[in-house]
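**Student:** Each chain, written out:
Protein chains: 2
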Amino acid sequence: MSKLYVVGLGPGAPALMTAQAREAMEAADVLCGYTAYIKLVEDLYPEKEKFATPMMGEVERCKKALELASSGKNVAMVCSGDAGVYGMAGLILELAEDPEVEISVVAGVTAALSGGAVLGAPLTHDFCVISLSDLMTDWALIEKRLRCAAMGDFGVALYNPSSKKRHDYLQKACDIMMEAGKAPETVCGWVRNIGREGECCRILTLAELREEQVDMFTTVFIGNSKTREINGRMVTPRGYGEKYGVK
Amino acid sequence: MSKLYVVGLGPGAPALMTAQAREAMEAADVLCGYTAYIKLVEDLYPEKEKFATPMMGEVERCKKALELASSGKNVAMVCSGDAGVYGMAGLILELAEDPEVEISVVAGVTAALSGGAVLGAPLTHDFCVISLSDLMTDWALIEKRLRCAAMGDFGVALYNPSSKKRHDYLQKACDIMMEAGKAPETVCGWVRNIGREGECCRILTLAELREEQVDMFTTVFIGNSKTREINGRMVTPRGYGEKYGVK
Chain A
0 MSKLYVVGLG
10 PGAPALMTAQ
20 AREAMEAADV
30 LCGYTAYIKL
40 VEDLYPEKEK
50 FATPMMGEVE
60 RCKKALELAS
70 SGKNVAMVCS
80 GDAGVYGMAG
90 LILELAEDPE
100 VEISVVAGVT
110 AALSGGAVLG
120 APLTHDFCVI
130 SLSDLMTDWA
140 LIEKRLRCAA
150 MGDFGVALYN
160 PSSKKRHDYL
170 QKACDIMMEA
180 GKAPETVCGW
190 VRNIGREGEC
200 CRILTLAELR
210 EEQVDMFTTV
220 FIGNSKTREI
230 NGRMVTPRGY
240 GEKYGVK
Chain B
0 MSKLYVVGLG
10 PGAPALMTAQ
20 AREAMEAADV
30 LCGYTAYIKL
40 VEDLYPEKEK
50 FATPMMGEVE
60 RCKKALELAS
70 SGKNVAMVCS
80 GDAGVYGMAG
90 LILELAEDPE
100 VEISVVAGVT
110 AALSGGAVLG
120 APLTHDFCVI
130 SLSDLMTDWA
140 LIEKRLRCAA
150 MGDFGVALYN
160 PSSKKRHDYL
170 QKACDIMMEA
180 GKAPETVCGW
190 VRNIGREGEC
200 CRILTLAELR
210 EEQVDMFTTV
220 FIGNSKTREI
230 NGRMVTPRGY
240 GEKYGVK
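Those protein sequence lines, which keep their order, are chains A and B. Sequential numbering from 0 applies to the first sequence in numbering that gives the first Met the number 0. Sequential numbering from 0 applies to the second sequence in numbering that gives the first Met the number 0.
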């Protein structure tokens with residue numbers, strides 16, 4: 000019986016990894032992952048065997064990880080953020096066939112949480128996580144979800160808000176959410192390079208966000224109707240103020 | 000300048016804490032928190048000063064943490080799961096007044112992620128997190144969000160699905176989501192006591208979930224229309240299957 004761990008690394012810095020993620024990588028004979036994520040753990044485990052594939056190589060990467068585990072090796076498939084949220088846990092479980100490979104999913108801090116902490120507390124109340132990548136999802140479905148998130152006055156974390164081919168997707172997403180009821184003055188924020196060198200963030204309105212140029216290393220946060228900027232932080236109240244008359 | 004860390008512990012087990020959470024608690028002179036969460040860290044830091052308040056004592060707890068920090072002590076306010084998601088980061092930032100207290104939010108693994116890992120990969124695609132507690136949120140707003148989450152075919156993690164006073168809320172939530180378009184055969188799951196003694200989980204349909212009795216230590220997961228049960232795991236595909244013809 001060999002083990003295949005699907006490991007959420009968090010944003011990349013060792014400080015934001017869980018002890019369980021470290022233990023899984025330590026127990027593994029081979030580390031598999033997207034080239035950029037393997038680089039994140041290269042310094043921690045220089046001696047371990049590695050198998051890396053570039054972006055779009057997800058199916059090959061997961062098949063190889065399962066093969067290696069079937070051959071008797073313990074394998075850690077590393078993912079940035081959480082192992083599940085847009086991560087490899089789903090595909091590994093879809094492709095797994097060998098009952099002699101025991102698959103464990105190790106949760107990690109996804110960008111909605113790590114980026115949220117940088118901005119303050121943008122997701123203290125009900126929220127949605129939506130990816131703007133239409134590589135494997137019809138844009139019509141993404142648009143429907145943006146609309147429903149706005150109608151429900153959810154806080155929203157947007158993943159993959161932009162890429163070279165999708166430079167105007169964030170602008171489109173802002174327009175859709177404003178049409179569906181989010182006010183242009185809704186408090187929003189973005190965080191770039193979370194937990195890594197060059198980390199930076201900005202708090203701005205939804206109308207301003209529409210004009211903002213962000214890249215693929217950025218996570219975007221849209222507040223709900225009660226989100227405020229307090230002392231330079233983005234804060235979505237849980238409701239203590241209204242209930243207990245705080246402030 | 001003293002420090003106030005608002006720390007997400009994850010579900011409670013040290014294995015699921017981040018290194019940063021441990022460092023923040025180690026740097027603190029005083030640990031503040033809800034009585035049950037202080038118990039989670041009592042064994043790790045028996046020598047540290049503690050300030051605990053029971054449930055509903057959140058405002059008192061945050062004010063005390065800010066007071067202690069203003070008096071020059073370094074303070075860690077511990078929260079289960081993430082520091083932001085239904086956690087104390089929001090209230091601390093709302094109440095903070097002393098510019099001499101530097102507030103840092105330390106993200107943690109929220110139950111949507113830690114519970115998701117136990118079930119498999121239920122939240123691999125866009126998802127919502129919704130609390131069924133109407134203590135500080137009108138039920139009408141919760142109902143609207145459940146409806147919007149169903150209309151958008153989101154995966155959903157439900158927090159606080161039940162309590163003594165709210166024994167039928169999960170049933171009501173299931174009915175609302177079925178009315179709004181979730182099929183009764185939607186694959187769902189629940190996890191109880193995540194990462195703690197007595198951890199257990201079940202995968203079932205939405206129609207079955209409607210009849211299930213769950214408690215306040217349970218997190219509930221509702222799949223999207225593509226979620227499947229695969230080898231006893233709850234899996235929401237990201238879309239590789241459709242795109243690359245896997246399986």
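These are calculated hints, taken from the structure and not from any lab test. Wrong hints could be hidden among the right ones.
It does not matter which identical chain is used: a pair holds within one copy or between any two.
Okay, derived cross-link-like pairs now, DSS-like style, lysine-lysine, Cα gap no bigger than 27 Å in a straight line [claimed, not checked]:
| # | residue 1 | residue 2 |
| --- | --- | --- |
| 1 | K225 | K63 |
| 2 | K171 | K225 |
| 3 | K225 | K143 |
| 4 | K225 | K242 |
**Student:** Which numbered conditions among the earlier hints are violated in the structure presented, ordered from lowest to highest?
**Tutor:** none
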